[in-house]
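A.B. asks: Can you build the whole structure from these sequences, using the hints too?
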Amino acid sequence: MNGQGLIKGLGITLKHFFQKEITEQYPDVMPELATRFRGCLQFEFEKCIACGICVNSCPNNVLSFETEKSENSKKKKLLSYTIDFQYCMFCNLCVEGCPKDCLHFDHDFELSTFSRDDIKRVYLRPAEMDEEKEADAAPVQDEQESKEQKQIDAMLKALQKNPQKILAKMLEQEEDIGILSELMQSNEKTAGKIAELLVKDKEKAAKVAAGFVTKEKKNRLQAEKGGEE
Amino acid sequence: MMQSDIYNVNVGPIHPSTHGGLHAEAVMDGEIIQDVIVHLGYVHRSVEKIAESKTYQQFVPYTARLDYLATNLPVLGYCQAVEKLLGIEVPERAEYIRIIMAELSRIASHQIAISATGIDLGATTGLMYGMRDRERIMNIFEMTGGQRLLSSYIRIGGVGADIPDEFIPAVQSFVNDIPKMMDEYNGLMTGNEIWEARMKGVGILSKEDAVKYGVTGPNLRASGIAYDIRKAEPYGIYDRFDFDIPARSGGDSLDRWNIRIEELGESGRIIQQALDNLPEGEVKAKIPKVLKAEAGTEVYHRIESAKGELGYYIVSDGGNKPYRLHVRAPSFINLMVLPLVCRGGVFQDLITNIATLDPILGESDR
Amino acid sequence: MEHLFTNLATALTGWMITLGLSPVWADVILLLVKWIIIITIITLNIIILIWLERKVSAFFQERLGPNRLGPFGIFQTIADAIKLLTKEDIVPSAADKLIFKTAPMFFIVVAVMLYTVIPMGQGMEVINLNIGLLFFISMGSLSTIALLMAGWGSDNKWSLMGAVRSVAQMISYEIPLAFSLLGVVMISGSLNLQDIVAAQDNIWFVILQPIAFLTYFIAATAELNRGPFDMPEAEQELTGGAYTEYTGMRWALFFLAEYTNLVAVSALMATVFLGGWQGPWLPSWLWIIIKTYGVILVFFWVKWTFPRIRMDHLMSFSWKVLVPVSLGNILLTGAGIYFCQWMGWC
Amino acid sequence: MQEINLEQMVQKLEEQLGDKLITTRDQFFTVLNIDKMALPTLMLKLRDDYGFNHLANLSSVDYGEEFEVVYHLYSIPANDKVCVKTRIPRISAEVDSLIDIWPTADWQEREVYDLMGIKFKGHPNLIRVLLPDDFVGHPLRKDFVMGGR
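Listed in order, the protein sequences are those of chains A, B, C and D.
Last residue of the first sequence? That's 230 in my numbering, and every number before it is there in order.
Last residue of the second sequence? That's 1184 in my numbering, and every number before it is there in order.
Last residue of the third sequence? That's 408 in my numbering, and every number before it is there in order.
Last residue of the fourth sequence? That's 150 in my numbering, and every number before it is there in order.
No wet-lab data here; the hints were simulated from the structure.
Keep in mind that a hint or two might mislead.
As the list claims (entries may be wrong) - Example chain B residues on the side facing chain C (calculated, C-beta under 7 Å, incomplete):
no., residue
1, S835
2, G839
3, D938
4, G940
5, I996
6, W1013
7, A1015
8, R1016
9, G1114
10, Q1166
11, I1169
Claimed, not checked - Just so you have them, the derived chain A footprint on chain B, three or more residues with Cβ under 8 Å:
no., region
12, 964-971
13, 977-987
Said to hold, decoys possible - Dumping the calculated DSS-like pairs for lysine-lysine here, alpha-carbon to alpha-carbon at most 25 Å:
no., chain 1, residue 1, chain 2, residue 2
14, B, K1102, A, K101
15, A, K16, B, K1102
16, C, K117, A, K9
Heads up, the beta-carbon is just placed ideally off N, CA and C, and yes, glycines get one too.
C.D. replies: In C-alpha cells:
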C-alpha cells in the first residue's frame, strides 16, 4: 500500500490523454476494408451453369435455384437464383466451391433492411440472355465492348454511391477528393469520363482527375476574386 | 448473535458482468456468498445435433461459433480432428499459417479476458486499451479470411487461401508491440494496489480441486500445474517451437490474471518463430469433394484452446456426415468450480471470479 | 470586473428600496434572486460538466467522445436531457411510491443547499454563515438519506444493496472528512468560509495541511460515490445500485445531483485548501471557477484510471487508515500551533 | 506414482476383471470395454492404481438398441491416455455415476442425461443443464424428431 502502482496508472492514462485518438468515424468516414472482406454475396447470372455445387456446399441452406430442361439440348436452363441472406454465415464455402466463379463477396456490409422480405435476394433470368442465344454467334468484339460498357456502368454507379473511397485511390489530398466528388455530382459528363478511364486506364484516370481538380480550383479562385471585386 | 436471512440474488442472464448468457444464482447472507447455483443453456444452439446433419466440411463454420472470441482455435481443433479421422496430411506452409492464426486467436481471447476483467472490476479504461490492441488482430483476420470475428479461414486439409502480401508485416509489427502492451496492462492494472487488493486471495482454487474438477487451461496453470496440451501431447507442429508454460502456485484470481498476461508473451514467441520459418508451398491438401471416414472409426482430438482443453469426439458410420460429434468445452467444465471458488467470499468476488475464470458462454452452452 | 456581481447586487437592493420596499423585504428578494441565479448556473454548469467528463474520459481512452452534435459535440448533453425528459416514467408496482418519488427531489435539494455557504468571490455568497463549514458537512451527510430512500423505495435487491452500501460508506467517510477539515479550522480559528479564505492570504492551506488535503480528497471521493469508490452505483456489479429502477427525469435528477455535489465538494476543496477566490490579476469569481474545475479534472482523472475498490476494503480503509491519520493530523496541527505560539510566530 | 506400462496395465486389469473387460485398440486409444456393473470398480482402479486423475471427456453415443457411454481418461502429469466404454440397453438406460471418483463428472453426466437421456445412478442432482426444465425428449437420440427449417 505505498501508492506507487496508483501513480503509475495515473501516468499511463495521462500519457494517453495527449495521444492521438483512434476512433473510426463511421458512417461519416467509411472504414478501410481489406481486399478479401466479405460483405454482401453477389451472383452473376450469366456465368452460372446450374451445377448445384454451391447449394450442396452451403451449411445453412441459404442458396436455392430453379432450372428448366431445354427441349433441344441436354443443358439445364437457369430460371432464377435465390440468396436468403437471413441465414447466411458468410463462410465463403459456396464461393470456393463454385467452378465458374459466379459467386463473390463485395464490400457492401450495410445489409440491414426495413422489412424481412427484403433480406431475400432473388435473381431472375435476364431477358438478354435468351436473345443472345437466339442470335447464336455474336461477334467477339461486341461481347468485349458490352462487357466493358457494363464495367463502366458499374463503376459509374459506384462513383455516385461512394465517390470518396474510389477517388482516394487516385487523389491524395482530401480537399481535392471533395472538390472532384462535388464536380461529378453536378456534372454527369465528368463522372462518365472518369468512370470510363478508371476501367480502361487507371494511370490516365489519375492524371485526368488531377487535371479536373486544378481546373476547378482555378475556376473557384477566379470566382472568389470576381466576387470581391 | 446476529440473526440474518439468506436471500438469493440472480446475477444474470442479463447482467453486465456475466460475459454473455450466464445465470449465476448467488445465495447470500448479507454480502457474503453462501453458494452459487449456475444455470446454463441461454446460448444453447444444439451444435452437436446440427453436426449430425451436416457434412464434415459444412460443419466448419459452426465450430467458429463455439468460442467466438478465439475463432480460429475451435476451428483448428475440429479440422485437425477430422484430418486425424480421415488421415489427411496438411501441407507444411498451411501448418505454419495455422499456428500463427491460432496463436493470434489465443492472444485476442486473452486480451478480451484482460479487458473484460478490467471493466468488471471498474477499470473502464483497461477495457478500451485491451480492445484497441485486439483490433489489430481483427484487422489481420479480415486481411486473411475476410471476416473479422468469425473468420472461417482454417479448413479441412489446410487453410482457405494463401496469406496476402501485407500479412507478414502486419503480424510482425503486432508481435513487436506485444511487450509494450503487456507493460501497459501491468502498469494500469496489475501493479495497482486496489487491483491487487481485489484479486489477491480471491477465489482460491487448490491444485487438488483443479485436477478433480477437470479444470484446464490458464486456470489450471494458475493453480500450480504446468500442464499444457501443446507440450504434453503436441498437435500440429507445436513440437517444433520453443516456448515456456507460465505457471503460478496460488490459484487465486491474481494468478489467473497474471497467467493470461504472461501467455501473451509466450504466444508472441511462437508467432515469431513461425514467421521466421514460414516455408513456401501449397496451403491446402488435395482432398476429395466428399469426405467419408471408414465405418466404426472414431477419434478424440484435443487442443489447448485459450480457455483450456477443447476436445472433439467424432464417431463415423461411414457416411459423409459425423454419426456423433461431441465437443468437450473447456468453459463448461471450468465453470463448474465457480460455486467452489466463490463460497465465503463477498459479492464483489463473484464478479472477479467470473471474470478471471474467463468462461465463454457460446462454448459452454454449445 | 472584480466587483461586477457585488455591485450589481448593491444596485438591485438600492433600486428596490427606491421603489418603496422596506430593506428587510429587499434583502429577502435579493436572496431569492441569488438562489435563482445559483440554480441556473448549476444547471448550465452541469451540462458543460457532463460533456466535459465524457470528453475527458474519451481522451483518456483514446476515443473522441461526443462529436456529432454541434462543435465538439457540445450539444450532446442537451439532446440527452431532452431524451430523458420525454422518456416514460416507470414506477415499479411493488415500489413504496411516496419514498420512491420523493427520493430524487430530496437528493437534488440537499445538493443545491450546499451552495449556500460557498464563497464564489470576494463578498459573494448567498449567506455568510458563521458556521459555514459545519453547515456544509451536515448538509452533505443528508444525501445519504436520499440514497437510502431510493434504495428502499425501489423494492429491488440490487437497489437495496446499493443503498446499504452507500449508507455504510458515506457514514464511515464523513468522519475523516470532518476531521481533515478540523485542522484547517484550528489554524484559521473560524468556521466561516470567508474567514478561512482570508486566512490563506499568505499561504494556502494545502501547504500547511498536506495530510488533511489528501485525506479530504479521498474522503470526498467516497462521499461523492465517484470511482474508485462508486460502490453504491457499481454498474458492473449492482447494475446501477440505488438507481436501478429509476428512469427518465427521476434518474436524471439523481445524475444532476451527483454532479452538483461534485462541483460543491470541489469548490469547498478549492476554498479550504487552495486559497479560495484569492489570486492575482483575474477577478475573484473567475479564480474560484478555475480552481474548482482544476479539482474536478483531477476527480475525473482518478475515476477513469482506477478499478473499483472492494466494499470491505473500503470500510477498513476508512476506519483503520483514514480516521487515525486524520486524528493524527489534528494532533500534529495542535502541536504545531502550540509550537508557533511558544516561539512567538503567531 | 510408479511408471506404468499400458500393456501391463491392460493385462493386469484383464486378469482381475475377467470376462467383464474386453480390450480393443484403435489408431489412437486403448479402449477398455467394460460391463456396466464393473464400471466403478474399474474406474477406481484406474484412478488410484494407475494415476488417471483427469477425466477429460464424458460422452455418449446412440447405437439404436444400445447406448454407449464413453470416457476419455488422461493422467496428469504422466500423460497416458485410455478410453473406457460401456454399453447399456436402451430400455433401461442407467449407469453408475462417477461423481465420487471425479467431481468433474457432475455437469458432464447432467449433460448426457439432458441430451441423451441416460440416467446416472447415485448422482445427487441429476437435472437438465442445457435445456429448459420443461423440455420434452432428449435431442441427441437418433429417434428425436426435429422441427424447424
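A.B. asks: Each hint should be assessed against the structure and marked as holding or not.
C.D. replies: Evaluation of the provided hints:
| no. | hint | result |
| --- | --- | --- |
| 1 | S835 | holds, 5 Å |
| 2 | G839 | violated, 15 Å |
| 3 | D938 | holds, 5 Å |
| 4 | G940 | holds, 3 Å |
| 5 | I996 | violated, 18 Å |
| 6 | W1013 | holds, 5 Å |
| 7 | A1015 | holds, 5 Å |
| 8 | R1016 | holds, 5 Å |
| 9 | G1114 | violated, 51 Å |
| 10 | Q1166 | holds, 5 Å |
| 11 | I1169 | holds, 5 Å |
| 12 | 964-971 | holds (count 4) |
| 13 | 977-987 | holds (count 3) |
| 14 | B/K1102 <-> A/K101 | holds, 20 Å |
| 15 | A/K16 <-> B/K1102 | violated, 46 Å |
| 16 | C/K117 <-> A/K9 | holds, 22 Å |
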